[in-house]
Amino acid sequence: MALKSDPTRVWPTGLTEEESEELHSKVIQGTQIFGLFAALAHLLAFIYSPWLK
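Heads up, this note's numbering is the position in the sequence shown plus 253, with the first residue counted as 1.
The set of hints was computed from the structure by calculation and includes no laboratory data.
Nothing here was measured: the structure is a model prediction, and the numbers come from that model.
One or more of the hints may lead you astray.
[To be verified] Ranges between beta-carbon positions, derived for each pair: (1) A294 <-> P260: 42 to 52 angstroms; (2) A298 <-> R262: 39 to 49 angstroms; (3) K279 <-> Y301: 24 to 34 angstroms; (4) D259 <-> H295: 39 to 49 angstroms.
Using N, Cα and C, we set each Cβ at its ideal position, and we do this for glycine too.
Build the full structure now, drawing on both the sequences and the hints.
Written out as structure tokens, the structure is:
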């Protein structure tokens with residue numbers, strides 16, 4: 254198998270370090286965007302029907 258013979262690929266994903274760092278940055282960016290939307294949705298829900306009042 255080509256993955257095991259290629260020393261630049263890291264087990265178990267088969268990605269190079271550069272590829273894994275790029276993927277990691279995209280995952281972090283997606284998490285930040287999701288968090289922003291979640292915070293905005295909670296703010297709008299609180300404005301529409303305040304809870305804990």
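Each hint, compared with the structure:
1. A294 <-> P260: 42 to 52 angstroms: The hinted range 42 to 52 angstroms holds for A294 and P260, with Cβ atoms some 46 angstroms apart.
2. A298 <-> R262: 39 to 49 angstroms: 46 angstroms, holds
3. K279 <-> Y301: 24 to 34 angstroms: Roughly 33 angstroms apart at Cβ, these two residues keep to the hinted range, so it holds.
4. D259 <-> H295: 39 to 49 angstroms: 46 angstroms, holds
Checked against the numbered hints above, the structure violates none of them.
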